[in-house]
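Input sequences plus hints: build the corresponding full structure.
What follows is the residue order along each chain.
2 protein chains.
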Amino acid sequence: MSNWLDEIKWDSDGLVPAIAQDYQTGRILMMAWMNREALNLTIKENRAIYYSRSRQQLWRKGESSGHVQTLHEARLDCDADVIVLQVEQIGGIACHTGRESCFYRVHNGDADQGEWKSVDPVLKDPKDIY
Amino acid sequence: MSNWLDEIKWDSDGLVPAIAQDYQTGRILMMAWMNREALNLTIKENRAIYYSRSRQQLWRKGESSGHVQTLHEARLDCDADVIVLQVEQIGGIACHTGRESCFYRVHNGDADQGEWKSVDPVLKDPKDIY
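So the sequences go chain by chain: A and B.
Number 43 in the numbering used here belongs to position 43 of the first sequence; there are no gaps in the numbering.
Number 30 in the numbering used here belongs to position 30 of the second sequence; there are no gaps in the numbering.
If you are wondering where the hints come from, they were derived from the structure by calculation, not from laboratory data.
This one's a predicted model, so the numbers in the text were calculated from it and none came from an experiment.
Misleading hints may appear alongside valid ones.
Same chains, same label: a pair holds when it works inside one copy or across any pair of copies.
With a cut-off of at most 20 angstroms between alpha-carbon atoms, the simulated SDA-like pairs for lysine to any residue come out as follows [claimed, not checked]: (1) 44 to 121; (2) 124 to 100; (3) 127 to 78; (4) 44 to 6; (5) 9 to 67; (6) 127 to 104; (7) 44 to 58.
Here it is, written out as structure tokens:
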């Protein structure tokens, strides 16, 4: 039997990058990693479940923070090695810093005098999240 | 002198993932990889320049296809190991299959009887692109 999980080109660690995007605004919230079990559970439970490379275990997004990502749609790219998740971000906060998105630093566009500047507000103190 | 490139947490191969997003529609177009030189040139030349892991060389997106990605904004995530590029996709086609986005396959949402289904149109025959 063909299996949709077998179509994925897992990397040498058995992982693929997964990009979470707000399904309404299109804002890119974060990128994390998934192994086979994480992707299977994400579809089964209809919420984002990643694989934490640092903790080397499944990471049920929102388990301690409550900031669950409800799945609306999962997409696969042409090379079958990257996933995009369209999600509803419960609580409006994806980042552990208390911001909506992990991508809160913008480059000033100058290669010689380059700078990454934080431009997005902290919506909730991380102390109050975890 | 501090350098914005030194803030990036390059992986063991000296790379980071870079996600290209249409700056107007928010559509996620593709994900590719960058090394230090690629990211520096992307900022300097104001267009997406990746590092091709298969060809092991810089990949000036659009060089043969004309489908250049003009840079509007570059963002860095909280862990400093993923880049988001807000781009204008020249020609409206990012994917080598002739589609707007590489993420043209949608999962049917069924973990047991899962399936990835192509849902986006081919806008141009790849034979006419390359």
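Now the hints, each set against the structure:
no., hint, in the structure
1, 44 to 121, "neither (34 angstroms within a copy, 28 angstroms between copies)"
2, 124 to 100, "within (9 angstroms within a copy, 37 angstroms between copies)"
3, 127 to 78, "between (41 angstroms within a copy, 17 angstroms between copies)"
4, 44 to 6, "within (16 angstroms within a copy, 40 angstroms between copies)"
5, 9 to 67, "neither (29 angstroms within a copy, 26 angstroms between copies)"
6, 127 to 104, "within (19 angstroms within a copy, 39 angstroms between copies)"
7, 44 to 58, "within (14 angstroms within a copy, 39 angstroms between copies)"
The structure fails hints 1, 5 (numbered hints given earlier, in ascending order).
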